[in-house]
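Here is what each chain is made of, one letter per residue.
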Amino acid sequence: QKEVEQDPGPLSVPEGAIVSLNCTYSNSAFQYFMWYRQYSRKGPELLMYTYSSGNKEDGRFTAQVDKSSKYISLFIRDSQPSDSATYLCAMSAHQAGTALIFGKGTTLSVSS
Amino acid sequence: DGGITQSPKYLFRKEGQNVTLSCEQNLNHDAMYWYRQDPGQGLRLIYYSQIVNDFQKGDIAEGYSVSREKKESFPLTVTSAQKNPTAFYLCASSIVGGLGYTFGSGTRLTVV
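Residue numbers (my numbering), protein chains in the order written: chain A, 1 to 112; chain B, 1 to 112.
If we strip away everything but chain B, and leave its shape as in the complex, we get (with noise of 0.2 Å):
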């Protein structure tokens, strides 16, 4: 079946330490998304890419980043620079000029 594969479901780190979440699609999409969801604060989009070895910084990209090696593959590194990155991770992907995003089922990551 196609779709968006998120692992590990939950993550523990603690603070200080770098972590890397996975995002893999086999969907064909061209373009992959990464948001950060928190209580009350919606999702908001940290990176995003449209094609592989290319990606563009969202509204709250500081203390992340990224690699599109692979068309399948947009993994996602919180660094020890973000200031509170417990929250739940979405990866999502889409064809280029389509706007129905295909969302993973996310990764709950916390940070103690």
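Same shape as in the complex, but just chain A (with noise of 0.2 Å):
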């Protein structure tokens, strides 16, 4: 079992729908959690960054880690054109002396 999973889609929606992507994780010892968007044939930028369980609001995206379910969420509103690109899941044990672990990444399409 791979240490995160993320379904790499690709998810197609229409203008103006909510998103859910998600990921899910076997290592207990996970507790900052992050989501990053990627462009087409560009670098990833971090979008939400959480620590253990919750919920974080950022305009128009929500990040939910439930921990007791090893599962965590990213909710886009009202979804736009812009919004398509490949989100990327990524965790961590420590907040030092360790490297992220990333999801493959969910390749999003937002229709106008």
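Worth flagging that the hints you see were computed from the coordinates, not collected in a lab.
Virtual Cβ for every residue (Gly too), placed ideally from N, Cα, C.
Misleading hints may appear alongside valid ones.
[What the hints assert, rightly or not] Now the stretches of chain B that chain A is said to cover, found in silico as 3 or more residues with beta-carbon under 8 Å: (1) 11-22; (2) 100-110.
[Stated by the list, open to error] No farther apart than 25 Å at their CA atoms in a straight line, the calculated lysine-lysine pairs in the DSS-like style are these: (3) B:Lys9 x B:Lys71; (4) B:Lys57 x B:Lys83; (5) A:Lys2 x B:Lys83; (6) A:Lys42 x B:Lys71; (7) A:Lys2 x A:Lys67; (8) A:Lys70 x A:Lys2; (9) B:Lys83 x B:Lys14; (10) A:Lys42 x B:Lys9; (11) B:Lys9 x B:Lys70; (12) A:Lys56 x A:Lys70; (13) B:Lys57 x A:Lys2; (14) B:Lys9 x B:Lys83.
[Said to hold, decoys possible] Here are some of the chain B residues that sit facing chain A, going by a computed Cβ distance under 7 Å: (15) Leu45; (16) Tyr48; (17) Leu90.
Could you fit the two chains together into a complex? Lean on the hints.
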């Protein structure tokens, strides 16, 4: 079993839809969780950062962490064509001394 | 502007040749990382460095080498021992203890 599992999609939605992106993980020591957005042929950019369980909201984006289920989600409200990208979840057990473990990424396409 | 610069953007090499990918940052970050991205594979860690003159192997270090002689620079050499070097290579940096990576825009290496 891989440490981080992420459905690669692709996921296609109409403009204005609510999008749910998810990752599951096996390492119960993970406590730092991130979502990155990557446009085609570009480097990923940090979108959301969450520590431990709970929700975090930033504009149209909401990140949720359920450590009991080892499950994290990213919700995008009122999706826009500019949201079309690959979304990567990433996580770590420690803040220092180790590198991030990434999911494979989910490719999202929002049509106008 | 602060950021990470990877060069070149595209690189073509003949099989059996060593090639060095450049990564320079002016963010004053202590930690730097190299990831490889293949379709359907997500980001896989090659090497990372938390301090000058020190670095650690990641999950797929075989066939790669790095150096960290300056804080700003973390070049990656893809050697002829790497069996399948064609990929998209991403360099990232962070403060030590920080997990919000800043990524470069990547180098696409094609070996023919």
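Hints, verified against the model:
Beta-carbon proximity to chain A at under 8 Å applies to 0 residues in the stretch 11-22 of chain B; the threshold of 3 is not reached and the given coverage is violated. Beta-carbon proximity to chain A at under 8 Å applies to 8 residues in the stretch 100-110 of chain B; the threshold of 3 is reached and the given coverage holds. Restraint check: the Cα-Cα separation between Lys9 of chain B and Lys71 of chain B comes to about 22 Å, which is no more than 25 Å; the hinted pair holds. Taking the CA atoms of Lys57 of chain B and Lys83 of chain B, the gap is near 17 Å; set against the 25 Å cutoff, the hint holds.
Proposed proximity of Lys2 of chain A and Lys83 of chain B is supported: the alpha carbons are some 23 Å apart, at most 25 Å. At roughly 24 Å between alpha-carbon atoms, Lys42 of chain A and Lys71 of chain B fall within 25 Å of each other, so this suggested pair holds. Taking the CA atoms of Lys2 of chain A and Lys67 of chain A, the gap is about 17 Å. The hint holds against a cut of 25 Å. With a C-alpha separation of about 13 Å, the suggested pairing of Lys70 of chain A with Lys2 of chain A holds against the 25 Å cut-off.
Our distance criterion of 25 Å between C-alpha atoms is met by Lys83 of chain B and Lys14 of chain B, whose separation comes to about 13 Å. Of the supplied pair hints, the one linking Lys42 of chain A and Lys9 of chain B holds, its CA atoms being roughly 10 Å apart against a limit of 25 Å. Among the hinted pairs, Lys9 of chain B with Lys70 of chain B is consistent with the structure: their alpha-carbon atoms are about 22 Å apart, no more than 25 Å. Note on Lys56 of chain A and Lys70 of chain A: the hinted pairing holds, with a Cα-Cα distance of about 17 Å set against a maximum of 25 Å.
Our distance criterion of 25 Å between C-alpha atoms is met by Lys57 of chain B and Lys2 of chain A, whose separation comes to about 19 Å. Between Lys9 of chain B and Lys83 of chain B the CA atoms are separated by roughly 22 Å; this keeps the pair inside 25 Å, and the hint holds. Proximity of Leu45 of chain B to chain A holds as hinted, the smallest CB-CB distance being about 5 Å (cut-off 7 Å). Evaluation of the Tyr48 of chain B hint against chain A yields a held restraint, the C-beta minimum of about 5 Å falling below 7 Å.
For Leu90 of chain B, the suggested interface contact is upheld, since its CB lies about 6 Å from the closest CB of chain A, less than 7 Å.
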